[in-house]
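S.K.: Protein sequence lines correspond, in order, to chains A and B. Sequential numbering of the first sequence, starting at 1, is according to my numbering. Sequential numbering of the second sequence, starting at 1, is according to my numbering.
None of these hints come from the bench; they were simulated from the model. Treat each hint with caution, since some may be false.
When chains are identical, the list treats them as one kind, so a pair holds in a single copy or across two.
Claimed, not checked - Below, in silico cross-link-like pairs of lysine to any residue (SDA-like), each with a Cα-Cα straight-line distance of 20 Å or less:
| # | residue 1 | residue 2 |
| --- | --- | --- |
| 1 | K136 | P169 |
| 2 | K25 | R78 |
| 3 | K25 | R174 |
| 4 | K136 | Q56 |
| 5 | K118 | R104 |
| 6 | K25 | D121 |
| 7 | K136 | R155 |
| 8 | K136 | G53 |
| 9 | K136 | R176 |
| 10 | K136 | L28 |
| 11 | K136 | S54 |
| 12 | K136 | G55 |
| 13 | K136 | G166 |
| 14 | K118 | R77 |
| 15 | K25 | L101 |
| 16 | K118 | R42 |
| 17 | K25 | K118 |
| 18 | K136 | I17 |
| 19 | K136 | F102 |
| 20 | K43 | R139 |
| 21 | K118 | D52 |
| 22 | K136 | D18 |
| 23 | K136 | Q61 |
| 24 | K136 | T168 |
| 25 | K118 | H159 |
| 26 | K25 | P90 |
| 27 | K118 | R139 |
Number of protein chains: 2
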Amino acid sequence: MTAPDLANLLFDTPTGIDDLSVPAKTLLLAQDRIADRLYLIRKGALRLFFADGSGQEISFQFFFEGDMVASFASLYRREPSLFSLESIEPTTLSVLGRDELFARIETTPAIRRAYEEKLADRFRSYQRLFLSRITKTPRQRYEALLEERPDIVRRVPQHYLASYLGITPVSLSRIRNRR
Amino acid sequence: MTAPDLANLLFDTPTGIDDLSVPAKTLLLAQDRIADRLYLIRKGALRLFFADGSGQEISFQFFFEGDMVASFASLYRREPSLFSLESIEPTTLSVLGRDELFARIETTPAIRRAYEEKLADRFRSYQRLFLSRITKTPRQRYEALLEERPDIVRRVPQHYLASYLGITPVSLSRIRNRR
DNA sequence: CCGGGACGATAACATTCGTTAAGAAACGAC
DNA sequence: GTCGTTTCTTAACGAATGTTATCGTCCCGG
């Protein structure tokens, strides 16, 4: 907590920020579209997911109060996003537009540094997720998640959790109720 | 092939390059150590792998003639490498030291650009590997690999391949000899 | 040349997971 | 409140994988 938080640096400003309230299941960014905004979650929860070839949806990240969310790659490179972003609860968001975001990054070195830190964080979380997929069985992944992020297990609907863990909802139900 | 290749930019120079020949199974970088060199493979093959908690080894990338190899994160941030690097055939390498590498990146814009491209490539290949682990069954992953990189299937010993695909050698043998 | 180790195939068995289906419970819209 | 949808549980079955073990082959070192 020594360094000022990027969320404060970006969103605690009088101008350029819109607020937005949406019900659950609202699509905030669709796969294949180009992201043009950065969100800060004031209250509620979002999931990041993608659809594989066969129409299956796979959730792979969840976000809650205080989290900043965007398809950073899409924002930065103006490329179609590989993922979709959707609310899983009624959610209140603060919204920062793309141009405004990059203007602040350019003009304020502290914001630039914090932003680059954020990107590095995202990369590390990718690596961890990747390694956990490789090294652990679904059962172990569930138990690790329960240990590390009980809030996620409590708050996220099970069928989203199941796809996050790489298993079917049926299998997750079996694991939870051991035998 | 329009842009000059990073390997040429870095290694086609009269000075600062050492050559190195090693037999198979030579450890070139050990997990938890800090990388201090960038390799270019002149002849032979390497694998990148890590050991999970239970002593299992998991290979997750293979490299051949013309490939540049390093633990880039470790090299750049001087952090302990998450992975080990080992030869799987008798291999001849050109070696560029860390300081020399970054000196060239600093002084030559073309090298900097090509290097950043390289890093972006690595990130994309990570994402692809991640998605393939999530969306495909072991059998599908094997068939995709056979389709896209038959050279890897031919050249890499099967037990390394198996861990790359996320299955046991026994299971890979079964898949290859269908039933 | 010989011996040991690495590598791969195969078999048998247990375990886990996916699929399909049906029903209960929670939730929302009206 | 009621109806319908979504979510979760449970069961039964089949398919795929893991585990353990054995065997044959190949390669390398001495």
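S.K.: Next, verify each hint and record whether it holds.
M.R.: Evaluated hints:
no.: 1; hint: K136 <-> P169; result: both (18 Å within a copy, 17 Å between copies)
no.: 2; hint: K25 <-> R78; result: neither (25 Å within a copy, 43 Å between copies)
no.: 3; hint: K25 <-> R174; result: neither (26 Å within a copy, 43 Å between copies)
no.: 4; hint: K136 <-> Q56; result: between (22 Å within a copy, 11 Å between copies)
no.: 5; hint: K118 <-> R104; result: within (15 Å within a copy, 28 Å between copies)
no.: 6; hint: K25 <-> D121; result: neither (27 Å within a copy, 34 Å between copies)
no.: 7; hint: K136 <-> R155; result: neither (23 Å within a copy, 27 Å between copies)
no.: 8; hint: K136 <-> G53; result: between (25 Å within a copy, 10 Å between copies)
no.: 9; hint: K136 <-> R176; result: within (17 Å within a copy, 24 Å between copies)
no.: 10; hint: K136 <-> L28; result: neither (32 Å within a copy, 27 Å between copies)
no.: 11; hint: K136 <-> S54; result: between (25 Å within a copy, 11 Å between copies)
no.: 12; hint: K136 <-> G55; result: between (25 Å within a copy, 13 Å between copies)
no.: 13; hint: K136 <-> G166; result: both (11 Å within a copy, 10 Å between copies)
no.: 14; hint: K118 <-> R77; result: both (16 Å within a copy, 16 Å between copies)
no.: 15; hint: K25 <-> L101; result: neither (26 Å within a copy, 49 Å between copies)
no.: 16; hint: K118 <-> R42; result: within (18 Å within a copy, 37 Å between copies)
no.: 17; hint: K25 <-> K118; result: neither (26 Å within a copy, 38 Å between copies)
no.: 18; hint: K136 <-> I17; result: neither (42 Å within a copy, 41 Å between copies)
no.: 19; hint: K136 <-> F102; result: neither (39 Å within a copy, 37 Å between copies)
no.: 20; hint: K43 <-> R139; result: neither (31 Å within a copy, 42 Å between copies)
no.: 21; hint: K118 <-> D52; result: neither (27 Å within a copy, 27 Å between copies)
no.: 22; hint: K136 <-> D18; result: neither (42 Å within a copy, 40 Å between copies)
no.: 23; hint: K136 <-> Q61; result: both (18 Å within a copy, 19 Å between copies)
no.: 24; hint: K136 <-> T168; result: both (16 Å within a copy, 14 Å between copies)
no.: 25; hint: K118 <-> H159; result: neither (29 Å within a copy, 38 Å between copies)
no.: 26; hint: K25 <-> P90; result: within (8 Å within a copy, 56 Å between copies)
no.: 27; hint: K118 <-> R139; result: neither (30 Å within a copy, 36 Å between copies)
Hint violations for this structure: numbers 2, 3, 6, 7, 10, 15, 17, 18, 19, 20, 21, 22, 25 and 27, all remaining hints satisfied.
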